[in-house]
Amino acid sequence: MVKEGLLYTKEHEWVKVEGGTATMGITDYAQEQLGEVTFVELPEIDKDVEPNDEVSVVESSKAASDVYSPVAGKVSEVNTALESNPELINEDCYGKGWICKLEMTDTRALDSLMKSKDYEEYLKEL
Amino acid sequence: MPFIANTVEQQKQMLADIGLKKEDLFADIPKELIAHSFNVPKGLSEQQVRNHLAELAGKNSIDLTCFLGGGFYDHFIPAAVYSIISRSEFYTAYTPYQPELSQGTLQAIYEYQSAICRLTDMEAANASLYDGGTAMYEAMMMALRITRRNKVIIDDGVNPIYRVMIHSYTSNLNIRLEQTENTSGLCDRRQIVEKIDNDTAAIIVQNPNFFGCIDDFTDIAEAAHEKGALLIVSCYPISLGILKTPGAMGADIVTGEGQSLGMPMSFGGPYLGYMATRMKHVRKMPGRIVGQTKDRLGRRAFVLTLQAREQHIRRDKATSNICSNEALCALTALVYLSLLGKEGLKETAQLCADKASYAYQRLTAIPGVEPHFKAKWFFNEFVLDLPREAADVIAKLIEKGFAAGFPLSRYYKGMDNSILISVTEKRTKQEIGMLAEALESVL
Amino acid sequence: MKLIFEKSVTGRRAVGTSPKDVPTTINIQKKLLRRRPAELPQLSELDIVRHFTELSRRNFGVDTNFYPLGSCTMKYNPKVTERIASYPGFTHLHPLLPQLRMGGMLTQGALQVIYETDLLLREITGMAGFTMQPMAGAHGELTGIMIAAAYHRDKGNKKTTVLIPDSGHGTNPASAAIAGYKVTSIPTDKNGVMDIEILKKSLNDEVAGLMLTCPNTLGLFNPHIKQICDLIHRVDGLAYYDGANLNAIVGKARPGDFGFDIVHLNLHKTFATPHGGGGPGAGPVGVTEKLLDFLPVSVVVKRSDGTYALEYDRPKSIGYIAPFYGNFLVILKAYVYILMLGKQGLERVAENAVLNANYIKEKLKDYYELPFDGICKHECVFSASKQLQENDIHAFDIAKALIDKGFHPPTVYFPTIVKESMMIEPTETESKETLDAFIDAMIEIAETAKKDPAKLKEAPITTPVSRPDETAAAKDLNIACL
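Sequences listed follow chains A, B and C, in order.
Be aware that the first sequence starts at 1, since it is given in this note's numbering, and climbs by one per residue.
Be aware that the second sequence starts at 1, since it is given in this note's numbering, and climbs by one per residue.
Be aware that the third sequence starts at 1, since it is given in this note's numbering, and climbs by one per residue.
Any given hint might turn out to be false.
[Said to hold, decoys possible] Think about it this way: if two alpha-carbon atoms lie no more than 27 Å apart in a straight line, the pair counts; the simulated DSSO-like pairs of lysine-lysine are: (1) A:LYS62 x B:LYS284; (2) A:LYS74 x B:LYS396; (3) B:LYS151 x C:LYS302; (4) A:LYS74 x B:LYS284.
[What the hints assert, rightly or not] Interface residues of chain B toward chain C, partial, derived using beta-carbon atoms under 7 Å: (5) PHE26; (6) GLN113; (7) SER168; (8) ARG189; (9) TYR411.
FYI, nobody ran anything at the bench for these hints, they're computed from the structure.
We put the beta carbon where it would ideally sit given N, CA and C, even for glycine.
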């Protein structure tokens, strides 16, 4: 399932842009591949990231998936609910399963991200 | 043909059955790569091989009375240990990838993990690493991962063989290793605290240290934690029968050599590296971990867990490359600790200390033989200074039937006359007396 | 079943301690002592023996039945090796003995075992010298990469990357990363071997080496293997052979002849030492002439007078990989095995391993999808994709069903490049009757998958536990009883 209004990466992350803030998580395809999420490693607040830096690791009993930041920015908030309820990523990956928020310092990287229709097409080819 | 079940007839039959000729089996290997022959001797029968190996075993000297230690000890091993670990369901099994067929191994490893935690007062242990040296290296790498820092402080009292190993493993990596001197037998607090800074990932110490001296690292743990660094303690497991635990001192990671827990000295291996830590670091801990869960009918069951950190899933991002470890040795340790039990381990440790103390008294009574360190408390090893070169004295004592100790000059500068002597519960009063007499006569 | 701790009875003892015959009782300063003794079990020796006997009955080993775990070479462990490895002349040796002056003469038999095993392995693999120190295959891999790094440093080469096929065992990239290298993954081509064209494109001056197993994890021998090694050498890279699959070619071909510079062996696979439930193993590393200087110390050498000694004076050595000479008792078992096989036996190992694997492959290919047909070597890889598509039956379910038929399942879900993979490695020590029984069981399961798939979802039903919840184990971590 692909949600409208979000931007997507080839590594199956989604980004929601609101002003200068980017909220991110992993897509429905990614959470399905992983199976039941057992643990989420959250980034540190104030961590500076460049595009393609690792911000999180999402673990299930059979796999561990690295999550990369699609943009440059500073981590401003993390979803602490995931500490006790990592399965929120399976239940509501685009909503309650958000991973972290970034204050963007450079928005150029957004231009290379896929819109929802393009991501849908991309998924069909996999 | 030894160990090959199928007869030549059966092999022919199988080939015919699947429509292949013998030449077809290796037709995919380019002809120029097939070896012409192998210059390996003709196969021996079981009788011949047992004779040959008995002869080789006979060329090894095992009747020297052993006072050698240095991290590897001649402890008493109850007969039941060997009986239990010789059960072929344990030793011919492989890694428990199919839990339904491996509840034996899995539950045993879970119990082993629990025993290690109880012994060290820590919260989480892994299923084993290769030996105490690689365990120390893995602990160091774990601390580097957790703190994301670059500098490690190691005390000179840590086993010098392990220190050489750590240098070997890190020569291609960007890690700063700093050594602190140990001239009194105890860690030099001033030096250590001076070196701890915001780039320090860990401080590595050992208890009892290589010299046999006992310490309490609570203050070093505090100094480390103040600056966000971790304390790694390498600890001789038998000593934990009576000594203060690294857990109680505030250690973050505990490692050590498990050979003394039921394994013979074995000329180098197999040994057992153990590792324990706090729950908050468990995801950064290398090695296999067994967890308890329930099966689909609600029954208690054991499985390998947290596998997402390991090489077969994470590949180049794994916490370690370790795959096969020392599972049967971990089982050995569990069996040994169970046979000795709560009281038995305590008594064994006390005996080691008592006998070492007796040996110390007898040996330092010899004119010219002095204790090297000022530090008062030792467990089952101590360093003595002789009036002349220790390596030579030891050679003479070999002729008299004793492996009297280890010459520290091998790894420590300026200690040419110093000898490290170890005493376990196996050594008798008579043997100690005879060592004293022999030493006196040689000097 | 209860945990051993749950069976404890306060005050119960098993083994009595050694007698106290010395007059001293040392009272160490209180602050250095633990407050309470460790809470270890308190049981009688019979209690303990029964506990572990019950545990052993919940385990399955090669001695139990067929154990075709691909990539693991679960061949028979000869009992004579166990017997010899228990001789006190070998077990009762302190490792520091030969490091004492005059001490070498006390351990000539043990040193001879290590020395002769080195020579035998050189002959078997075509390498110039071995270190017996690595204590497992992965440890051998790390050692091998460290030797490569030392070689490059010595030559002043600036190397950053190691190339590894995507079918490689996880320890390969893990070892390379731990040694400080980046990893570039080379994909598998449509014939099931490493894509040589992509390999050529990935070669540059930064490549330190290539890590490869041949045959690969699909059981296929790469016909271009010599060319591949030559290509790596052209950029002054080193070719590393992962010996986990040596059972396919042992006694038939030598990795040294293919052009490999570094080889590691798994003594607990090819050389029949027992797996122990996950070790101890041994992973000796062999190298070519140009790398001998970098081997770890100490090295066992034979002096001109015929005696054996430890040599430490090797200035370019990478240092100590193990505290001493390696897992000596494991090396000893492999030595005995090779002596018993001898030249003739050695030359039959791979022949029968390969015959047995092809026999299974031919007999099962009408029932399970075979991604790569053609002669396989010592193992064959099937896919359960047909069963998945038609009846929602996964490789996982097939494995569980096999358990009820009395067999250990093959490796599943490795290599990851084949969906629903099942890697079957019978080894040469299995008889035709066993193979036929396994084949029949697999065919039956394929039928059941069609006729009554729900039944397979419940398997296994004959074991003390069935389908433990691995997700719960990771989420609600319980890894010790404290």
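Status of each hint after checking the structure:
no., hint, verdict
1, A:LYS62 x B:LYS284, "holds (17 Å)"
2, A:LYS74 x B:LYS396, "violated (70 Å)"
3, B:LYS151 x C:LYS302, "violated (41 Å)"
4, A:LYS74 x B:LYS284, "holds (25 Å)"
5, PHE26, "holds (6 Å)"
6, GLN113, "holds (5 Å)"
7, SER168, "holds (3 Å)"
8, ARG189, "violated (15 Å)"
9, TYR411, "violated (10 Å)"
Hint compliance for this structure: hints 2, 3, 8 and 9 are not met, and every other hint is.
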